[in-house]
Amino acid sequence: MTPGDTATVVLAGAVVGFDTVSFPQAMLSRPIVASTLGGAIAGSASLGLLCGAILECFALETLPVGASRYPEWGSASVVGGALFADAPNGAVGALVMSVIVGLSGAWLGGWSMVRLRTMNAQRARRNHEAVARGDPRVIEGLQFSGLLADLLRGAALTAVLLALSLPLRDLAARAWSPSMADTRLTVAITAVAVAANAVWKHFSNVPNARVMMLMALVAGAALYFFT
Amino acid sequence: MTTATPPLPLRTHVAMFVRLLAIQGSWNYETLIGTGTGFCVEPALRLLPGGPDGEAYRAALARQSQYFNAHPYMAAVAVGALARAELDGEAPKQIERYRRALCSPLGSLGDRLVWAAWLPFCSLVALGLFGLGAGPLLVVGGFLVLYNIGHFWLVIWGLRVGWREGLRVAPSLGTPILRHGPQVIGRAGAVLGMLALPLIFDRIAGSGPSGALRLAFGMLVAAVAAVVFVRLQGRLAGWKAGLIALTLVALYSTLRS
Chain P
1 MTPGDTATVV LAGAVVGFDT VSFPQAMLSR PIVASTLGGA IAGSASLGLL CGAILECFAL
61 ETLPVGASRY PEWGSASVVG GALFADAPNG AVGALVMSVI VGLSGAWLGG WSMVRLRTMN
121 AQRARRNHEA VARGDPRVIE GLQFSGLLAD LLRGAALTAV LLALSLPLRD LAARAWSPSM
181 ADTRLTVAIT AVAVAANAVW KHFSNVPNAR VMMLMALVAG AALYFFT
Chain B
228 MTTATPPLPL RTHVAMFVRL LAIQGSWNYE TLIGTGTGFC VEPALRLLPG GPDGEAYRAA
288 LARQSQYFNA HPYMAAVAVG ALARAELDGE APKQIERYRR ALCSPLGSLG DRLVWAAWLP
348 FCSLVALGLF GLGAGPLLVV GGFLVLYNIG HFWLVIWGLR VGWREGLRVA PSLGTPILRH
408 GPQVIGRAGA VLGMLALPLI FDRIAGSGPS GALRLAFGML VAAVAAVVFV RLQGRLAGWK
468 AGLIALTLVA LYSTLRS
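Order-wise, the sequence lines are chains P and B.
For the first sequence, the numbering used here assigns the number 1 to the initial residue and increments by one for each residue that follows.
For the second sequence, the numbering used here assigns the number 228 to the initial residue and increments by one for each residue that follows.
These are calculated hints, taken from the structure and not from any lab test.
Just so you know, these numbers come straight off a predicted model, no measurement behind them.
A few of these clues could be false.
[As the list claims (entries may be wrong)] Facing chain P, a subset of chain B residues (Cβ under 10 Å, in silico):
#1 Leu-237
#2 Val-241
#3 Ala-242
#4 Thr-258
#5 Arg-290
#6 Ser-331
#7 Gly-334
#8 Trp-380
#9 Trp-384
#10 Val-388
#11 Val-418
#12 Ile-431
#13 Phe-444
#14 Thr-474
[Stated by the list, open to error] Quick look at which bits of chain P chain B covers, simulated, 3 or more residues with Cβ under 8 Å:
#15 3-10
#16 15-25
#17 75-83
#18 190-198
Yeah, the Cβ is synthetic: ideal placement off N, Cα and C, and Gly gets one too.
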């Protein structure tokens, strides 16, 4: 990855991290979008999409509900997609390592959001009296400083993840022993099992869900095996 | 007293809409989106008698910047309604009471409709397109367009209905889309999800003509693992278990060579 690519990945990580909660929540931060973007910057949107679809299967399970603690998928997915797309051809271990970076980075991103929200609370507490007076400069200042801090959080997280994961990706690419087919099968089993669990978690409470799901699964399998 | 809807200047309307997209900019564990709500209502408050330098403006802005919680898209309803109430000169105590009463329904309606139904549904559409072999542009473009039609529609509708109804906005929350939407989307999501899973599996695993039996075995293993995850729901997050499993695979695969 050239220094220009690295800088672009950091910028993309900042923008999609910012999208997660702050602005505009248009779901640029979903792994299937963010990882494809990372892959496109590193030279292959298709490889970024493969990594993004795998991460999306995991992300399906988590919902970004208000005060709950949830993973921040955006910045980490940009790094995951870029890492995989940038790996030398046939570097089978790079896929697994990119997914691991995406998952653990999302975990770290969730933690960084909690820290940011705590800092926002401290700022709000310090300015409580001015807010109670209805001072527009203070209220806008709190809003804009929160937005800026989130943008910087995304950039810093992306830069740290990228710096830590490049050597790991190269190590895995060199030392990986199983074949590409076995590796992808293992990743597919893990990702699809989590996605199926997520579909059940979100939609099993609708009437006749079990019957509909079973019929759809059989139809999906038939579609796959007979086409 | 809410009467015929007064016009809201286009510039004010646009400013409120754009600010609504950043309502969570200063989200924190004490006032939640309180500051953000004040920030969003502020362009309308400039229309109060005395303008931005007046006492009414400051008092209203202070009221609207206190603790508030709602789903970020559904908060548009509150922002519209509260702006209308302030400009109509409703009693401060009544506005404050109404503001508190809006928190819970706007939170639960939005969570059920958007986070628990629309988002996973759109995500499954994107994964389904991926499973069918679509390229990056179609998958990503399709997902973003589909999701944001719902997203922007909800914010625009919320702001409009909130402004139109003011403190009488509650009955509008019983609209069929909000009442039945989660269940309809849930049904579609349940079918789409299970229909798409084998195709997603196939594209991730990268099948070839000779690997059909291997893939069938892989799908069976995935199905068993999914049942285990379902049984452990609430005790074990699948994505964390997946991270641990893949890390163990990576350690084994690199250290063995």
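* To do: Please write out, lowest number first, the hints stated earlier that are contradicted by the structure.
  => Of the numbered hints, 1, 2, 3, 6, 8, 9, 10, 15 and 17 do not hold.
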